Amino acid sequence: MTMSREAKVGLFVGYTAILVVLALLYLAAGKGVFETMHTFTLSSKSGDSFTEGMPVVFSGFNIGKVQALELNDQGIVLIKIKIPDRHVKWIRSASTFILYRPLIGSASIVVNTPNLKSSPLDANKIKEVVIINDINDAIAKIEPVLDRLTEIANNVENLTYNLSDPKGDLNRVLGNAEKITTNLASKKSLVEMAVSDEESVKALNDSLKKLKDITTNVDRILVKVDTMADKTDNEIYGKDGALPQINTILKDLVRKLQKLDQTVDNINKISNDTSEGMKDFHILRSDIDDVVNSLGKVVKKLDAIMGSKKAPEFKVP
Amino acid sequence: MKKLLLILFALLICACGTATTIPAWKDKAYMHLDDYKTSFLAGKEESTEPHFIKARREIAASNDLGLLTVAYLTKYALHTASLENFDSSDFAKLYKLEPNPSDMAYCHLLKGNFTAVDMKVLPDRYAGLLKSALARDLTMAAREIAAIDDPLSRLIACGVWVRYLPSDETILQIGISTASANGWRRPLWAYLNKLQEHYLETGDQNKAAATKARLDLLKRD
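Protein chains in written order, with the working numbering: chain A, 1 to 317; chain B, 318 to 538.
These aren't lab readings, by the way, just hints derived from the structure by calculation.
Careful, some of the hints might be misleading.
[As the list claims (entries may be wrong)] For the chain A half of the interface with chain B, some residues (derived, Cβ under 7 Å), not all of them:
1) Ala311
2) Pro312
3) Phe314
4) Val316
5) Pro317
[To be verified] With beta-carbon atoms standing in for the labels, derived distance ranges:
6) B/Arg460 with A/Ser286: 54 to 60 Å
7) A/Pro166 with B/Asn380: 58 to 64 Å
8) B/Leu534 with A/Asp287: 40 to 46 Å
9) B/Ile370 with A/Ile246: 44 to 50 Å
10) A/Gln262 with B/Ile370: 20 to 26 Å
11) B/Leu534 with A/Val254: 49 to 55 Å
12) A/Gln262 with B/Asn380: 57 to 63 Å
13) A/Ser286 with B/Lys437: 47 to 53 Å
14) A/Val292 with B/Leu382: 24 to 30 Å
15) B/Leu382 with A/Ser286: 28 to 34 Å
16) B/Ser484 with A/Gly296: 24 to 30 Å
17) A/Ala304 with B/Ile370: 25 to 31 Å
18) B/Lys529 with A/Asn247: 54 to 60 Å
19) A/Ile249 with B/Ile370: 53 to 59 Å
Computed from a prediction, not measured in an experiment: that's the story for all the values here.
Glycine included, each C-beta is placed from N, C-alpha and C at the ideal position.
Build out the structure end to end from the sequences listed, making use of the hints.
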């Protein structure tokens, strides 16, 4: 039996069409077109960061996506997620939904089901989405750290300022330490370190050594003085004795010194006034010179204008 | 028409003026030397010397030793006119560097070295004085001195005579009248003093006392 050419072509086209349809159906089945989809509704106070098509992730695997975003009458955002039948088992009544916004990367709704044996989530039940914001959290965590860092920087600055200040505590301490070590190195005595004068200490030591001799001598003198005192008392303390006369002389001297003191004060005042006045003398002199020069210039200009001035003739009188 | 004439007159006056300008130092030096002469003769002790120093400074700036010599001779002449001594060492130094016979003749006259004076180079006004000084003729001297027109020159001539030659009342009176006519206190007091001495020398006590009284009265502030 022979087939006509038209029949062969018709048969080829028919098979090809069947193959294409079958291939498309296979692909559609693979893509889940014929798979039963479950829709759940979630809620959130803010629709910020929610987008249609956003993935729904369970344990790192995409198990669905956001189908639609709506706003109800109470101003709550309703997020409808579509979960294929094969993944619906992960969505339980114990599941929590978290909007996770990583520092880097796109946001996603993470499903966390601690108890997989709990009852399946009712499609009419609306669960709230918890928002985890890595950026805000990071900032919130970094802020106190930054405050601490600022405090540390301020302290470091204070420390360096105090260290570098020539009059600062550290430099004073170092200066004192240097003085002490220098004194210790020169093996000076404690007295010498206290009075900071070697000569004074030597003199003090000599004085202490001589003190004993002096006291002995003084004792001897006192004995002699006692014997002489009786004789001289009358000459010194008597009515016409030396002391009353010295007293009157001293009183007179004090009066004269007081007058002299006033004179010295006046002289000081005069010299101060004079020195104050002298300060302006050179300025005054300069001003006078300026005036004289200006007048000279004016006279010269007048002479030039008039042209009447003759050259001065120098001759002996 | 009147305005036009005035403008033309002004232009004529301006045209008469010389275009040459006098150097500032010369003008100042002349002015200071003139002030020195006035202050000296007026007896202003404090301000006299600064004027000479200023004049000297200005002249020194010009490096003109001739003018500097004139300044010093002027100073000596004023001292002579006031019957005072002077030290001519500065003139001697200047003369050594830049000798000028007329300056030396003038200096000799002021110092009373009449025989050393070269009359040819001496200023004409002092010729009569020199002749009478050489002849020691008092009458001629009084006449010649009185004949000098310039009062300062006349006073200098009087000073030369009074200082180095026998004093004469007539010459002293010429000096007094010249000084008083011009208000020259310093020479006036010197001549009155000299006149008093003259009266004392001649034994005229009354005139001497009267002159002293006059002098005391004039000197009182």
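So, going through the hints one by one against the coordinates:
1. Ala311: This hint holds: A/Ala311 lies near chain B, its Cβ roughly 5 Å from the closest one there, short of 7 Å.
2. Pro312: 4 Å, holds
3. Phe314: 5 Å, holds
4. Val316: 5 Å, holds
5. Pro317: Status holds, d = 5 Å.
6. B/Arg460 with A/Ser286: 54 to 60 Å: Between B/Arg460 and A/Ser286, where Cβ atoms are some 55 Å apart, the hint holds.
7. A/Pro166 with B/Asn380: 58 to 64 Å: Roughly 59 Å apart at Cβ, these two residues keep to the hinted range, so it holds.
8. B/Leu534 with A/Asp287: 40 to 46 Å: 41 Å, holds
9. B/Ile370 with A/Ile246: 44 to 50 Å: Violated, at about 59 Å.
10. A/Gln262 with B/Ile370: 20 to 26 Å: Taking Cβ atoms as reference, A/Gln262 and B/Ile370 lie about 42 Å apart, which means the hint is violated.
11. B/Leu534 with A/Val254: 49 to 55 Å: Holds, at about 51 Å.
12. A/Gln262 with B/Asn380: 57 to 63 Å: For B/Asn380 against A/Gln262, whose Cβ atoms are near 58 Å apart, the range 57 to 63 Å holds.
13. A/Ser286 with B/Lys437: 47 to 53 Å: Since the Cβ atoms of A/Ser286 and B/Lys437 sit about 51 Å apart, the hinted range of 47 to 53 Å holds.
14. A/Val292 with B/Leu382: 24 to 30 Å: Holds, at about 28 Å.
15. B/Leu382 with A/Ser286: 28 to 34 Å: 32 Å, holds
16. B/Ser484 with A/Gly296: 24 to 30 Å: 45 Å, violated
17. A/Ala304 with B/Ile370: 25 to 31 Å: For A/Ala304 and B/Ile370 the Cβ distance comes to about 28 Å; the hint holds.
18. B/Lys529 with A/Asn247: 54 to 60 Å: 58 Å, holds
19. A/Ile249 with B/Ile370: 53 to 59 Å: 55 Å, holds
Comparing the model with each numbered hint stated earlier shows that hints 9, 10, 16 do not hold.
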